[in-house]
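Peer 1: Each protein sequence line maps, in turn, to chains A and B.
Per our numbering, the first sequence starts with residue 28, numbered consecutively.
Per our numbering, the second sequence starts with residue 2, numbered consecutively.
Because the hints were derived from the structure by calculation, they are not lab data.
For each residue, glycine too, the CB sits at the ideal point set by N, CA and C.
Be aware that one or more of the hints could be misleading.
To be verified - Distance condition first, Cα-Cα at most 16 Å in a straight line; then the derived EDC-like pairs of lysine to aspartate or glutamate:
hint, chain 1, residue 1, chain 2, residue 2
1, A, K140, A, D175
2, B, K294, A, E234
3, B, K294, A, D113
4, B, K169, B, E96
5, B, K169, B, D180
6, A, K38, A, D175
7, A, K140, B, E96
8, A, K65, A, D175
9, A, K65, A, E234
To be verified - Chain B side only, calculated, beta carbon under 8 Å to chain A, not exhaustive:
hint, residue
10, A196
11, D281
12, A288
13, P292
14, K294
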Amino acid sequence: MSVAQTDPVLKVTDLTLRYSTRQGEVKAVEEVSFELAKGQSLGLVGESGCGKTSVANSLMRLLPDNARLVKGQVWLNGEDLLSLSDEEVRRFRWRRIAMVFQAAMNSLDPVYKVGQQVIEAIETHGVETTIDDAEERVARLFRLVGLDPQLMERYPHEFSGGMRQRAIIAMALSCDPDVIIADEPTTALDVIVQDRILRELKSIQQELRMSVIYITHDMAVVAEVTDRIGVMYAGRLVEFGNTADVFRAPMHPYTAALMSSFPSVSGERRPLGSLSGEPPNLLDPPLGCAFHPRCAYATEVCRRESPPQVSRGQQWAACWHPLDGQTSSTGNHDAY
Amino acid sequence: MIGYLIRRMWQMALTLLLILTVTFLLVQAQPGDYASFYVLDPDLPTEVKEQMRATFGLDRPLWQQYLIHMRNTFTGNFGVSFGHFPRPVMEVLLERLPRTLVLFVTATGASFYIGFLLGKAIAWRRGGFLEYAATISGTTLFTVFTPAFALMMIWVFAFKLGWFPVGKFLDPLVWRGSDVTANSVFSLMLITALAFAVFAFWVLFALKRKGNTGMKRLSIPIILVAALAIPLVWALSGIGTLALDILKHMVLPIVTLTLISFAGTMLLTRNSMLETIREDYVMAARAKGLPEKQVRDRHAARNALLPVVTSLIYSLIFAIDGSVIVESVFSWPGTGMTLLEAVRSEDMPLVMGAIVFIGLFSLLAHVIVDILYVYLDPRIRYQ
Numbered sequence: 028m029s030v031a032q033t034d035p036v037l038k039v040t041d042l043t044l045r046y047s048t049r050q051g052e053v054k055a056v057e058e059v060s061f062e063l064a065k066g067q068s069l070g071l072v073g074e075s076g077c078g079k080t081s082v083a084n085s086l087m088r089l090l091p092d093n094a095r096l097v098k099g100q101v102w103l104n105g106e107d108l109l110s111l112s113d114e115e116v117r118r119f120r121w122r123r124i125a126m127v128f129q130a131a132m133n134s135l136d137p138v139y140k141v142g143q144q145v146i147e148a149i150e151t152h153g154v155e156t157t158i159d160d161a162e163e164r165v166a167r168l169f170r171l172v173g174l175d176p177q178l179m180e181r182y183p184h185e186f187s188g189g190m191r192q193r194a195i196i197a198m199a200l201s202c203d204p205d206v207i208i209a210d211e212p213t214t215a216l217d218v219i220v221q222d223r224i225l226r227e228l229k230s231i232q233q234e235l236r237m238s239v240i241y242i243t244h245d246m247a248v249v250a251e252v253t254d255r256i257g258v259m260y261a262g263r264l265v266e267f268g269n270t271a272d273v274f275r276a277p278m279h280p281y282t283a284a285l286m287s288s289f290p291s292v293s294g295e296r297r298p299l300g301s302l303s304g305e306p307p308n309l310l311d312p313p314l315g316c317a318f319h320p321r322c323a324y325a326t327e328v329c330r331r332e333s334p335p336q337v338s339r340g341q342q343w344a345a346c347w348h349p350l351d352g353q354t355s356s357t358g359n360h361d362a363y
Numbered sequence: 002m003i004g005y006l007i008r009r010m011w012q013m014a015l016t017l018l019l020i021l022t023v024t025f026l027l028v029q030a031q032p033g034d035y036a037s038f039y040v041l042d043p044d045l046p047t048e049v050k051e052q053m054r055a056t057f058g059l060d061r062p063l064w065q066q067y068l069i070h071m072r073n074t075f076t077g078n079f080g081v082s083f084g085h086f087p088r089p090v091m092e093v094l095l096e097r098l099p100r101t102l103v104l105f106v107t108a109t110g111a112s113f114y115i116g117f118l119l120g121k122a123i124a125w126r127r128g129g130f131l132e133y134a135a136t137i138s139g140t141t142l143f144t145v146f147t148p149a150f151a152l153m154m155i156w157v158f159a160f161k162l163g164w165f166p167v168g169k170f171l172d173p174l175v176w177r178g179s180d181v182t183a184n185s186v187f188s189l190m191l192i193t194a195l196a197f198a199v200f201a202f203w204v205l206f207a208l209k210r211k212g213n214t215g216m217k218r219l220s221i222p223i224i225l226v227a228a229l230a231i232p233l234v235w236a237l238s239g240i241g242t243l244a245l246d247i248l249k250h251m252v253l254p255i256v257t258l259t260l261i262s263f264a265g266t267m268l269l270t271r272n273s274m275l276e277t278i279r280e281d282y283v284m285a286a287r288a289k290g291l292p293e294k295q296v297r298d299r300h301a302a303r304n305a306l307l308p309v310v311t312s313l314i315y316s317l318i319f320a321i322d323g324s325v326i327v328e329s330v331f332s333w334p335g336t337g338m339t340l341l342e343a344v345r346s347e348d349m350p351l352v353m354g355a356i357v358f359i360g361l362f363s364l365l366a367h368v369i370v371d372i373l374y375v376y377l378d379p380r381i382r383y384q
């Protein structure tokens, strides 16, 4: 997995996002920075409400009216997305960054044929010149994601959940984007379909050398399909590294806790861990390290000061007391 | 689909039977009967009164009268009107029906179109000036007492400003000396309007579907040319002034009906849009990089349309109700005014005839909307 040499396709620096609500300002994303190289896949994991989807929506600039980007840049092939005008953003969406939606079931408009909805995207971005070419392209995409091209003429309600998800993937691929964001791509599907779709997505990604960001709370998905992993907690990135490294030896106690709460089929038998407490209220996150109220290793310094970034090879974590991999109570098992 | 339609026909016939029976009973529940007016005249000898009642069949027991009216109605000959004696009911109605239909269809179409456009716009940009202006004026017009509003319209636009005639279907001074009947001119106008609508529809949709981009760009100019050519042809035909006279009489009642009814569609569209805007497929459409207008019209509004179309029935029925009042205020000789006169004078055959037509019209509207639904929402299929 030596992908770090090439220039990054996507580079996010200090992304900070706030939502203003009646109760006050929600600090949804705090100084998130990461890079993604061509052909690489990144998994953003964390509990619900930790800011994963907010990061994804910032990349698409699909934010609700009460959202405010406080600072940060998103560079896509050297272009700063956050400085583009609305019209430039519109042209850039889907053509450069496409998305496989969280709610695939409802992401297809019920009144149009599935094929037509893919063609709509192709027409908007002028990828093909004629309808016939566009249709041919959709047929190819359908075959690529394992759908019969004849299904183009069907309506979304005639599709099963897995078929819809495949159609959405075909739609995301339709304009050859540089980056695809897969936001909980398989949450609504049963485990068998989920696994097949993930494998196919991975092979398509490798075949087309695309960059993919998987957003999920499912550690199994991350382990299966991503090269790199970013763990988010309370709007911050708390650990980042190669997936294999992170799974072998997590540095942040939160990552370790997340991993111990998922069963490993091939690994040794062990009791499943569970993390007590709830993610902090982002209206008023705890001082110091946001994880300290739930952390078994927390000391006085964690309560007072923000943790430093500690590196180990290509892996880093924001923690005062990073686990060294040997003494970790939950590490030492391979999730593959 | 065919089986479904046949079942619907049976239901319609049954519904119509019920409507007619209830109407018959309600009209009979009024004191007296059609002959009462003459019976009260002390100059008429008793035998003449009796003979008169017998002529109208009013001396028979009620159940026999009911059966006679029902037989007449369902064999399609409706009998002879009491009030317009000796003209058959059919003739009276055929003369007046087109006038009412034009009023209904134009006003409903216009209020639906205006309501949908406004509702769409105010849901998309909430909290703007347009939202307050449209909601307040729309609800005011929707709830205002119709006759008072109609009279206000006449007072302002016909009496004070003098832009439009005060009422009636035509101005006899304009028609003096012409050798054509008002109905033949009116029929020609209807045929022209219908032909134009079909033509415009064909240009817009048939050509668009072929995917011919050159023709697509031409479609609006073609329609505009046709729209300009029609008045020209009419002006040269010699009956242009007569048609213009009828048109001038049509404007106020149609505008009034439209104004009092558009708010229903507008508010419904607004609410329906507020639902669809939050749907994932609207978010997906935006993520696909579609222009905002396309996201709004092709996705949000297209789905918001579905429940609004159901309300089309109610606005049609509202227009029928409204037409009885509006036609009376504007002295527009259509079915609504005819029905009101017939009920008041207990002209039973005419009441039955008018109810059959109005009932058939609203029942057919139901069926048409149900069929329309299949084309608007692919999830709906009838077995």
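Peer 1: Taking the hints in turn, state whether each one holds.
Peer 2: Against the structure, the hints come out as follows:
1. This hinted pair checks out: A:K140 and A:D175 have alpha carbons roughly 14 Å apart, not beyond 16 Å.
2. Under the criterion of a C-alpha separation no larger than 16 Å, the hint pairing B:K294 with A:E234 is inconsistent with the structure, at around 36 Å.
3. Among the hinted pairs, B:K294 with A:D113 is consistent with the structure: their alpha-carbon atoms are about 13 Å apart, no more than 16 Å.
4. For the proposed pair B:K169 and B:E96, the alpha carbon gap of about 15 Å is at most 16 Å, so the pair holds.
5. For the given pair, B:K169 sits about 20 Å from B:D180 by alpha-carbon distance, which is inconsistent with the 16 Å threshold.
6. Distance hint between A:K38 and A:D175 is unfulfilled; the C-alpha atoms sit about 37 Å from each other, more than 16 Å.
7. Distance restraint check for A:K140 and B:E96: the Cα-Cα separation of roughly 46 Å exceeds the 16 Å cut-off, and the hinted pair is therefore not satisfied.
8. Taking the CA atoms of A:K65 and A:D175, the gap is about 30 Å. The hint is violated against a cut of 16 Å.
9. Restraint check: the Cα-Cα separation between A:K65 and A:E234 comes to about 12 Å, which is no more than 16 Å; the hinted pair holds.
10. Of the supplied interface hints, the one on B:A196 is violated, with its beta-carbon coming no nearer than about 30 Å to a beta-carbon of chain A, more than 8 Å.
11. About 4 Å separates the beta-carbon of B:D281 from the nearest beta-carbon of chain A, less than 8 Å, and the hint is met.
12. Here the hint on B:A288 is kept, as its CB sits about 5 Å from the closest CB of chain A, short of 8 Å.
13. A cut of 8 Å between beta carbons decides the hint on B:P292: the least distance to chain A is about 7 Å, and the hint holds.
14. At about 11 Å, the closest approach between the beta carbon of B:K294 and any beta carbon in chain A exceeds 8 Å, and the interface hint on this residue is violated.
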